[in-house]
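Chains as they are written, first to last, in my numbering: chain A, 25 to 389; chain B, 47 to 192; chain C, 12 to 421; chain D, 1082 to 1582.
Some clues are possibly wrong.
[Claimed, not checked] Taking lysine to any residue pairs in the SDA-like style, the calculated list, with each CA pair at most 25 Å apart, reads:
1. Lys84/B with Arg1099/D
2. Lys253/A with Ile1453/D
3. Lys161/A with His109/A
4. Lys1224/D with Phe250/A
5. Lys301/A with Ile1453/D
6. Lys400/C with Glu96/B
7. Lys339/A with Trp290/A
8. Lys48/B with Lys400/C
9. Lys46/A with Val344/A
[As the list claims (entries may be wrong)] Residues of chain C clear of chain B, computed beta-carbon distances all greater than 10 Å:
10. Lys36
11. Cys52
12. Thr64
13. Leu141
14. His209
15. Tyr228
16. Glu268
17. Glu376
18. Arg377
19. Thr382
20. Glu387
Think of the hints as simulated: they come from the structure by calculation, not from any bench. Note that the Cβ used here is the ideal one computed from N, Cα and C, for glycine as well.
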Amino acid sequence: MPIKEGQIRIPSGCAIAAVISKEGKRMTGESITNAMKVMHDRSNGLGGGFAGYGIYPEYKDFYALHLFFDSRDTRKTCEAYLKEHFEIVHSEIIPTRKIPEITDEPKIWRYFVAPFRSALADMQLDEKEFVARAVMKINAGMPGAYVFSSGKNMGTFKAVGYPEDVGCFYRLDEYEGYSWTAHGRYPTNTPGWWGGAHPFTLLDYSIVHNGEISSYDANRRFIEMFGYKCTLQTDTEVITYILDYLTRVQGLTLEESANVIAAPFWSTIERESDRSKKERLTFLRTVFPSLLITGPFSVVLGFTGGLMALNDRLKLRSMVVGEKDDKVFISSEEAAIREMEPEAENIWAPAGGEPVIVRVREGAV
Amino acid sequence: MKRVYVNEEWCLGCRLCEYNCAFANSGLSDMVLALKDKPVFPRIHVEGDEKITYAVSCRHCEDPVCVKSCIAGALSKENGVIKADPDRCVGCLTCVLVCPYGALAPGENGVMLKCELCLENSCGEPACVKGCPNRAIVYEERGETA
Amino acid sequence: MSRYVIIGNGTASVGAIEGIRSVDKTGSITVISEEDRPAYCRPLISYYLEGKTKLENIGMRGADYYSDSAAELLCGRKAVGIDADRRTVALDDGEVLPYDRLCVCTGSSPFVPPFEGLGTVEKQFTFMTLDSALGIEKSIDAASRVLIVGAGLIGLKCAEGLTGRVASVTVCDLADRVLSSILDADCAALMQRHLEEHGMEFLLGDSAVRFDGNTAYMRSGRTVGFDVLILAVGVRANTSLISGIGGEVNRGIVVDERMATSVDGIFAAGDCAEGFDASSGGKRVLAILPNAYMQGHAAGVNMAGGSEVFDKGIPMNSIGFFGLHAMSAGVYEGEMYEERTDTSIKRLFTKDGLLKGFILIGRSERAGIYTSMIREKIPLSSVDFELLKRSATTAAFPPESRRKMFGGAV
Amino acid sequence: MGVEFLYPEYEVIRSTDRCIACRVCERQCANEVHSYSAERGAMISDESKCVNCQRCVSLCPTRALKIVRSDCVLKANANWSNDTIREIYKQANSGGVLLSSMGNPKSMPVYWDRILINASQVTNPPIDPLREPMETRVFLGKKPDRMTRSPDGRLVCDLPPQLELSMPVMFSAMSYGSISYNAHASLARAATELGTYYNTGEGGLHEDFYKYGAHTVVQVASGRFGVHEDYLEAGAAIEIKMGQGAKPGIGGHLPGTKIVGDVSRTRMIPEGSDAISPAPHHDIYSIEDLRQLVYSLKEATEYKKPIIVKVAAVHNIAAIASGIARSGADIIAIDGFRGGTGAAPTRIRDNVGIPIELALASVDRRLRDEGIRNNVSLVVGGSVRSSADVVKAVALGADACYVATAAVLALGCHLCRTCQTGKCNWGIATQRPDLVKRLNPDIGSERLVNLMTAWRREIMELMGGMGINSIEALRGNRLMLRGVGLNEKELEILGISHAGE
């Protein structure tokens, strides 16, 4: 019997793309879907997905939980659990288009929820931690149910198939967001599992990633000390948790977090002339050695109000960035950027380990 | 100039240098053939007692009293290296009488044998240095006196 | 450009040439040689007789030595006078050589006592030059009986050289022992026994008083028949050139530690000179080869305007006969330490906390360590003398001085 | 003779065709095996004294010598082996406890050799250490749980004291006394040049070596020999030795014959007196007592030096480690049952303790399960024999390894396992001046540096093959390991999959 993500670690190759409007102007998901078409050969039809930010303005104060269910019974069980812990303000089946390229879909639902105040107080947890634990609980402990998106005013859409077909399937042309990320997957197993497609998310963090990190188990075993459960055994999952841990739990900035996961070489740190920067880099590398990610990767982290693109420090995976007016584009290949914006300017390949962080202008969203 | 120096702190008195020297200057390719059942006439000698040992060979003095004293013109200094010409040496031992280091001793037929730093045998570097198991004998440049 | 003139062409002369050239590469050097050949290793003449060295190996330096040193060698010429005021040297052929600095390296000459009837002896030789050795070689055959007058170094080396080439060698000496100038009675006896074992005959405490043809009439009344007579009674320093101009002369030409004579501009070195004896503290003719070279070298350096002091001369000798070596140095004064076996003797003489002299017969290992103790006046208190007297070894030195000796370039 | 006779274990084979009677073997054998017989005109040997240290073999200029195991053995018996029977004879002769040196030589499982390392193919590129940076630097010490910021928002970069290692290997404890001055000098100089640490063991620190203090771990053991304020101040870290892998549960005993001169001064005990380290620290009968000592030492050194607690790998090592991690210690060192010793009762050495591989795996897992892995660094020793062992140890979860046997091998040890006699012909485990000088620290330190440099290069090659360019990404990365020929339980404890999975 074929085994799927979570039962074994499956290396995969990938395509990634992203776009953001610094002015917070909303774009439909059509353009990013088209961008993935030109990178068709970077995927093998076994996984594709998107994350859009600013797509649920009407429910922006509620966590948007996207779930896959394998059966009605599972859904009922899960909903019972949700009702116990959350106020559910709205729930629905996520609308899809029937197309021949996408088959065998599970039951795909979304819930707009807010944790019960009483439950938060009971558990002495802040809201985010509460939601994160609930997601872990469902994903690790409720077979057949899988939360694949859990942030506010954002959503992830993923499936087994080529990414352009997945975009069509989820009717992304009907959503509008100020930023989008996309992923096409080339896993080395069959048949591929919907939950195993990317982006991977936790709360409002979404990660699209191309690469295979060699530090995986070192990272996983470390991060699991802090309540995270790497059920999928994927790089994307562990990278997401690491960023969540560093930024949300430890309160590091994204730049500082990038200095942890793609820490500069010691030789580079020693050459650093800014003393306080040197001290900070040394400190972060010394304190979080187990969160250094090695091996090839290019990732785009989506978060509320911005994107961060990061390459491994040797830049073993391609990633280029381009600009046009208020928009910034990121992709595995320049072709995808040209597809989104033929007039894109300032196309460059960020150096390994140097984060590219783009934020929406304060107050624009 | 590179010379042979011995550090008595590390000399073990094993006398390998003596045998390596005699072999290197035998012109033979087999140590057993060169030294077995024969008296050995090395150009380096281990001195000392049970407490301290060290190997002594020619210092190649900048101002060699042996060369000045040789009655037969058998000792000469070439590029800093003091050499003995066995065809000229008559075995008078005047050099032994004047060498303040006690570095010279005659060979089998009474003719002087002395360290010539293995420059002309097949050894490449002094055999005593190469074979010293504790790096007590070294071949190196040290400060020349003015 | 300075003009240097050197009278004589022995070891001291070569030392002087090399001393001058170590300072002055351009000044002219003229060497006046009575003998008709380049400088040679004078002590080798007995080894030549013995067959231990060949004529082509006897030269002190290589064939191009004089041209390489830019020195003019005047062979077969003799200096007959010095004009110290005009700074000239007159030669036997009337030539007058001007000099700025002059070095007298005239050596010594055999002393021949006025024996009665010496003129009747057909084959008589002294033994100082290669010519004399070649002359002896021509006059002997396997049946020759040789009488040598004088059992000193020269006489005995000559005797050794002839032993085996002639029918008999008899050595007589007025002294009661062999090598009386360097050995004491016990040591001399050991050496004598060894020489006798190799076929020499001795008439000691006895000397020829009269010769008649091939017969020597001894003081004891004995008569000795011989075919070849060799006179090796002693030598005299050749000092007349200096005494002739009123320079200070004693048993040799008196020099200071820079090898300057009492006459301005004139130096002297080698067997003709009377320099400083570090072992006795006085002045003495030290007629030995190492000394000659070092004095010559010092003289040369000082002649050329450099500065070199030679005050470390001591009497010393290393001499072997038929494989038995006798080494000696310094003076035999003070307390004596002795080790002896049937075939060897070691005697060390200490005084005032210093090693003053030694005699080693039949054992020569590292004798130079003792020599340098005398020469450098190393206090016995600074070394482990108990060890040192048993064995000449630097192991008896304190580690620091040993480190200094062996730890750097010397 | 008679019933007490034991046929010599080794034979000295001398080729008379080759022997030139130079007598080097005779001069070099402290056991006086070789001698020259003037009557026979040849070298002869007394094999009963030979310990097979190979000094003579190594120095013989004509390769005329070899030492072979004697084939004069007792009748084959799969149960009563020759060695077992000989031990019986020895004990029947002497009535004594058998003593041995160096590590357990018995045929016990070596888990390192049942673990294989991964490499990248296709999906992930290997990294070429000749072309790309490859980092092996490690920091040992407690890491802060929480990031803090100053009022102006800047990250506060204060760290508990750390040891910085250029590579994940340190030289483990060997006392001055058990090994020689020159062996210590070699270790100290090599550690300094390499940018790692050596460990004084329980013998104090010779005054000549204070200058290497920045690369020295000073040990405080149950005998407290050589411990004083300057000593604690001199080191970069302080190690409390609770136990040793070769002899868990017992102390140490350096005989008075070795307590001479500088050894006695450095240990601060009278010349000739036996140095007896008790089995327990008599001020530590429980974990809370350990905490007191940890903090006493921290107080004494103003919290500037990390404290290492070294324990032998025993059955409940995971629980012990968990206790130590909460004791305030910065680093836990675990010594496996194959670790070396200068002298230990044979039965203890060969039968007590557990393999370091299993101990490491279970300790690392336990500390992670309890969420306190970041409180301490983990150093493991007890027969780390190669760079591959180091890589496997790091992947299992170690921060660094301690090596001692490999280090003394580099210094010339030929593992003859007779350190207890004090007549080490290689100048390592001896205090006899004529033997000590055989180890020239110029050579010793150079060889140690060579060995570690070679290991470091190999570690980098292995890491590059795995697509890892920094050692921290290897630490605890058990996915990089697979077991071969291990049963389910062993795999479970090691936390690795079987090859093929």
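Comparing the hints with the structure gives:
no.: 1; hint: Lys84/B with Arg1099/D; result: 13 Å, holds
no.: 2; hint: Lys253/A with Ile1453/D; result: 17 Å, holds
no.: 3; hint: Lys161/A with His109/A; result: 12 Å, holds
no.: 4; hint: Lys1224/D with Phe250/A; result: 15 Å, holds
no.: 5; hint: Lys301/A with Ile1453/D; result: 29 Å, violated
no.: 6; hint: Lys400/C with Glu96/B; result: 18 Å, holds
no.: 7; hint: Lys339/A with Trp290/A; result: 17 Å, holds
no.: 8; hint: Lys48/B with Lys400/C; result: 33 Å, violated
no.: 9; hint: Lys46/A with Val344/A; result: 18 Å, holds
no.: 10; hint: Lys36; result: 19 Å, holds
no.: 11; hint: Cys52; result: 5 Å, violated
no.: 12; hint: Thr64; result: 6 Å, violated
no.: 13; hint: Leu141; result: 14 Å, holds
no.: 14; hint: His209; result: 15 Å, holds
no.: 15; hint: Tyr228; result: 36 Å, holds
no.: 16; hint: Glu268; result: 17 Å, holds
no.: 17; hint: Glu376; result: 7 Å, violated
no.: 18; hint: Arg377; result: 3 Å, violated
no.: 19; hint: Thr382; result: 6 Å, violated
no.: 20; hint: Glu387; result: 8 Å, violated
In terms of the numbered hints stated before, the structure departs from hints 5, 8, 11, 12, 17, 18, 19 and 20, listed from lowest to highest.
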